[in-house]
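Protein chains: 2
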Amino acid sequence: MSFINNSSGKIRCGPKALLAGVPIVLIGANVNNKPTYNVVGNFGVLRTSSPPMIYISTDKKHYTTQGIKENNSFSVNIPSADLVQVTDYCGTVSGHNVDKSTVFQPFYGNLSSAPMIRECPINFECQVIRHLSDVFPDGDIFFAEIVESFIGKQYLLDGRSCTVDIKTVNPIFLGSEENYWVLGNTIAKAFSVGKNYNN
Amino acid sequence: MSFINNSSGKIRCGPKALLAGVPIVLIGANVNNKPTYNVVGNFGVLRTSSPPMIYISTDKKHYTTQGIKENNSFSVNIPSADLVQVTDYCGTVSGHNVDKSTVFQPFYGNLSSAPMIRECPINFECQVIRHLSDVFPDGDIFFAEIVESFIGKQYLLDGRSCTVDIKTVNPIFLGSEENYWVLGNTIAKAFSVGKNYNN
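One line per chain: the protein sequences are A and B, in this order. Note that the numbering used here has the first sequence beginning at 183, numbered continuously upward. Note that the numbering used here has the second sequence beginning at 183, numbered continuously upward.
Keep in mind the hints are simulated off the structure, nothing from the lab. Be aware that one or more of the hints could be misleading.
Where chains are identical, the list cannot tell them apart; a pair therefore holds if satisfied intra-copy or between any two copies.
To be verified - Below 27 Å or equal to it, Euclidean Cα-Cα: the simulated DSSO-like pairs (lysine-lysine) are:
no., residue 1, residue 2
1, Lys216, Lys251
2, Lys377, Lys242
3, Lys377, Lys216
4, Lys371, Lys349
5, Lys216, Lys371
6, Lys243, Lys349
7, Lys216, Lys242
8, Lys243, Lys377
Predicted model only: the values in this text are computed from it and were never measured.
Hey, can you work out the whole structure from these sequences and the hints?
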């Protein structure tokens, strides 16, 4: 590590993904028609509008990766903080060695091959639309369409619209210092607070 | 919106990216050798290990997208909560109409074409390695290698290692109810708390 010769006065850390907090998700997939689950931090939304698309980046060797390739589908499940222990467990033991099929109560939507986790507030049922296996040698990247999304009624701001009450969902974020975090307070209204900024 | 005919008792929201909280980042790019900035929620890490890779998903029409294509490079900058107003501003006005080059103090690293934001605690200097323009009609997806990362010394847990002090960085998260949020407390040790779980 060294100071770079520029005027920013910042520390140069080399090519490093200094993470500022990533929401972690549980991936569900069937391997030989049996659910298995893994934790993925490398998850994100590619497109919010219809049809919404997400990506996950997984290790080629992981058991869930095998299930995703088997069925071209998987689930993304957003755990609440009260599930932190079982979530961490799913991320630290391999499906190659441990049967995780009974860790959660699975349910299925339109697809029969994407086991979703009833215990998680939010679930996405995902159909793979593109598999990128050549971006890096040890990993697979999957682009998937969200074919259906599910949420417990108690996690909605309004029982009828599908607007998420984030504080009630209470998702888990992973920091680069290897701690799990939860959200704190709201600080401003999005797409609004900037209107008062004078350039 | 209707209940699905399965035993989960969950509400079916249709194909919708029900977000549980996404850290927002500022993208920097040069258009005609002049910095411009935009806010992107569709950002994520593809690969943490070396070389780290990230993705961003942008609107084809956006001004910053033009700059990324021009130089095959861009910056990812993580704003602190105290930058929420100017960040929201950058996300709500278009570089096609407004000159945002003076909104921040830019600095450059190894590449001369990725303007980084001095005011942001963390900066990634990114080189595009793959451009996916055919995943959906109105958007571009860029895979990029982090060629260099920068952080202010005050945002490190230890002035010498490159471990981020997330609470000091105080990143901004966007909720689907269109509020900006900050992190609260740490709840558990990652890759550790699960060891006590009995399957």
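We went through each hint and held it up to the structure:
1. Lys216 - Lys251: within (14 Å within a copy, 44 Å between copies)
2. Lys377 - Lys242: Between copies only: 24 Å across, 45 Å inside.
3. Lys377 - Lys216: Between copies only: 23 Å across, 51 Å inside.
4. Lys371 - Lys349: both (15 Å within a copy, 21 Å between copies)
5. Lys216 - Lys371: Neither. Shortest intra-copy (43 Å) and inter-copy (29 Å) distances fail the 27 Å Cα cut-off.
6. Lys243 - Lys349: neither (35 Å within a copy, 34 Å between copies)
7. Lys216 - Lys242: within (19 Å within a copy, 41 Å between copies)
8. Lys243 - Lys377: between (48 Å within a copy, 22 Å between copies)
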